[in-house]
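Those protein sequence lines, which keep their order, are chains W and U.
Quick note on numbering: the first sequence equals residues 1 to 111 in the numbering used here.
Quick note on numbering: the second sequence equals residues 1001 to 1114 in the numbering used here.
Treat the hints as calculated values from the structure; they're not laboratory data.
Among the hints, a few may not be true.
Derived SDA-like pairs (lysine to any residue); straight-line CA-CA distance at most 20 Å [what the hints assert, rightly or not]:
1) U:Lys1007 with W:Asp39
2) W:Lys68 with W:Thr5
3) U:Lys1007 with U:Val1099
4) W:Lys68 with U:Glu1101
5) W:Lys42 with U:Val1003
6) U:Lys1007 with U:Val1113
7) W:Lys42 with U:Gln1024
8) U:Lys1007 with U:Pro1071
9) W:Lys42 with U:Arg1070
10) W:Lys42 with U:Gln1038
11) W:Lys42 with U:Lys1065
12) U:Lys1007 with U:Val1029
13) W:Lys42 with U:Arg1010
14) U:Lys1065 with U:Ser1001
15) W:Lys1 with W:Tyr76
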Amino acid sequence: KQEVTQIPAALSVPEGENLVLNCSFTDSAIYNLQWFRQDPGKGLTSLLLIQSSQREQTSGRLNASLDKSSGRSTLYIAASQPGDSATYLCAVRSTLGRLYFGRGTQLTVWP
Amino acid sequence: SAVISQKPSRDICQRGTSLTIQCQVDSQVTMMFWYRQQPGQSLTLIATANQGSEATYESGFVIDKFPISRPNLTFSTLTVSNMSPEDSSIYLCSVEEVVWETQYFGPGTRLLVL
Chain W
1 KQEVTQIPAA LSVPEGENLV LNCSFTDSAI YNLQWFRQDP GKGLTSLLLI
51 QSSQREQTSG RLNASLDKSS GRSTLYIAAS QPGDSATYLC AVRSTLGRLY
101 FGRGTQLTVW P
Chain U
1001 SAVISQKPSR DICQRGTSLT IQCQVDSQVT MMFWYRQQPG QSLTLIATAN
1051 QGSEATYESG FVIDKFPISR PNLTFSTLTV SNMSPEDSSI YLCSVEEVVW
1101 ETQYFGPGTR LLVL
């Protein structure tokens, strides 16, 4: 069974820092990987989707990379802002279509 | 991208009662899912809501406890039956516009059972 781990569980940084959030998965036979953002008490917002054949995807200040062979993905946030404060979730889709979620990294960016 | 709404956004219920959660999508979608997120935990898939047929439930979830309806391609309901405090969670509706591609989520229904 696929297991998805996110490290760190929580992160608190001052505004302006560049951040790296990590996601690891145990089975490298994946279809794609998706990063989400979840604000307190809210649903999930899709940030980036990386296909298994891709190495990275970028959207604005966000860059997600994928190393399928080592079972790792990173989400890079450039020049962090207080509005980036949220929980970031990584989800891996298996080759059978099932989605496996990590527990998330709770990010706090203080002014 | 699909826009999903859920009703109610939150509720406080007494044990033994039932609550029906509605999910409305602004476009027709084939794949619709219900997830549960317990406090401090990640998301767990409850079932896939199939239009015109019974929902497909994941291990540990049964139809008597979580009956699901999917009358058309834009709407679904999840009922949490005979609730206990252990059912206190966020319940999330989710869709895929293209099968196995980007998954979209509703705002969630925060349920507290006393």
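The hints, checked one at a time:
no. : hint                     : result
1   : U:Lys1007 with W:Asp39   : holds, 18 Å
2   : W:Lys68 with W:Thr5      : holds, 14 Å
3   : U:Lys1007 with U:Val1099 : violated, 25 Å
4   : W:Lys68 with U:Glu1101   : holds, 17 Å
5   : W:Lys42 with U:Val1003   : holds, 14 Å
6   : U:Lys1007 with U:Val1113 : holds, 17 Å
7   : W:Lys42 with U:Gln1024   : holds, 16 Å
8   : U:Lys1007 with U:Pro1071 : holds, 17 Å
9   : W:Lys42 with U:Arg1070   : violated, 23 Å
10  : W:Lys42 with U:Gln1038   : holds, 13 Å
11  : W:Lys42 with U:Lys1065   : violated, 24 Å
12  : U:Lys1007 with U:Val1029 : holds, 19 Å
13  : W:Lys42 with U:Arg1010   : holds, 11 Å
14  : U:Lys1065 with U:Ser1001 : violated, 31 Å
15  : W:Lys1 with W:Tyr76      : violated, 27 Å
Hint violations for this structure: numbers 3, 9, 11, 14 and 15, all remaining hints satisfied.
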